[in-house]
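Q: Chains A and B, in that order, give the protein sequences.
Under my numbering, the first residue of the first sequence carries the number 1, and numbering increases by one thereafter.
Under my numbering, the first residue of the second sequence carries the number 1, and numbering increases by one thereafter.
Keep in mind that the hints are not guaranteed to be accurate.
What the hints assert, rightly or not - Okay, the calculated bits of chain B under chain A, using three or more residues with CB under 8 Å as the criterion:
1. 93-100
2. 140-153
3. 157-164
Hints in this document: simulated from the structure, not taken from any laboratory.
Ideal Cβ placement from N, Cα and C applies to all residues, glycine included.
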Amino acid sequence: MRSMRMIGLLLFASVASVLLVTSRPASGEQPIAFNHKAHVSKGLDCAICHRYVREQAFATLPTIETCLMCHSAKMSDNPEEAKIREFAKRGEPLRWQRLYALSPDAAAYFSHRRHVTLGNIPCATCHGPMAERTTPPPRALVRFDMDFCISCHQEKKVSTACVACHR
Amino acid sequence: MARWGMVIDLDRCTGCQACVVTCKAENNVPVVTPREAQRGRLMLWMTVIPEVEGEFPRVRARFTPRPCMQCDHPPCVKVCPVQAMTKSPEGTVSHVFARCIGCRFCVQACPYGVTYFNWQAPTWPKDLREALNPDFAIRPTGVVEMCDFCHHRLQHAREEARADGREVRGEGEYVPACVQACPARALIFGDLDDPNTAASNLAHSPRAFRMLEDLGTSPKVYYLKEG
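Okay, chain A solo, but in the shape it has when bound:
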């Protein structure tokens, strides 16, 4: 029985090493080379573009309408900015390349609201120094696995029971 348990734990260790979040590199370039630093330094909050990050389990990527709230008229000579109006003119949606996706193998439940609003965790804890980036990163800035989650949960003294996240 004891040896069975050891074998099981070893097997589990190998499963646990699988990344929880597939930090997949973008298959192509982002439609617009978005400058996070330029926006954040002007005092724009993350939730203006990544709506619902405080209210829902999911966060969103901005649509062209969000960009046009400010950029419907020319603001700079940056060619990337002009792209916004070109996309709008063509009626083409912005197809952002998603860098973070919860791996289906992890079968875990992650809620942005729970972490951002209820837990007061800064975005940079999981998303890295995005606010400093002047160009879109080719892949997720933070690579995290279950150990990453567990160490933070232990530090903040919140539940580490399997079923608190997995389902």
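Keeping the supplied structure of chain A fixed, place chain B upon it in accordance with the hints.
A: Same frame as chain A, now just chain B:
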């Protein structure tokens, strides 16, 4: 801390199987072909066991809905070599699919036969595939699956309660899908430790009994005898 439990009133159950269908849809339980079902590979996390007594014209049918018994001393948790079967601090027995190695010890250990091994990759007819519940995992092949009192619903309820700065209410806020669907209100769900919930009151009624009680598994699913 709440101790979630279910009371099933056998007097009220009409055997309509709404709970069975709801459970399948809520938990993305794969559809099993008749051929596979004949080989004993039917997967019904919630099932209604029919029992017909007497002969025509004096026939009487009894229906016993049977979810996971959510034992306080669960044999499946004891035998699991990788701790994939876990009992949460609230007493709910859940299964972490990513951990399961498919050894099926729990299938052997469970005296109620409510743990199922999925032998094949999950399949659904086209219409059902488009209606899968995004709130619950689709299991990989070769793991054991079972009812966990719709634990994902508790995760949502807990988040809502936390946003309001309180604990999950003992009744009404978190209910498994089968309880919500039962048209005859034969299934009652709530905190068994809270004396103000209907579930706790009914669990202490003289009509209450539990399946295979003498095994010492202390199920948190209570049945109410027919009157």
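Q: State for each hint whether it applies.
A: So, going through the hints one by one against the coordinates:
With 5 residues having a beta carbon nearer than 8 Å to a beta carbon of chain A, the segment 93-100 of chain B meets the requirement of three or more and the stated coverage holds. With 4 residues having a beta carbon nearer than 8 Å to a beta carbon of chain A, the segment 140-153 of chain B meets the requirement of three or more and the stated coverage holds. For a cut-off of 8 Å, the count of residues in the segment 157-164 of chain B with a CB near a CB of chain A stands at 3, and the three-residue condition holds.
Violation of the numbered hints given earlier is absent; every hint is satisfied by the structure.
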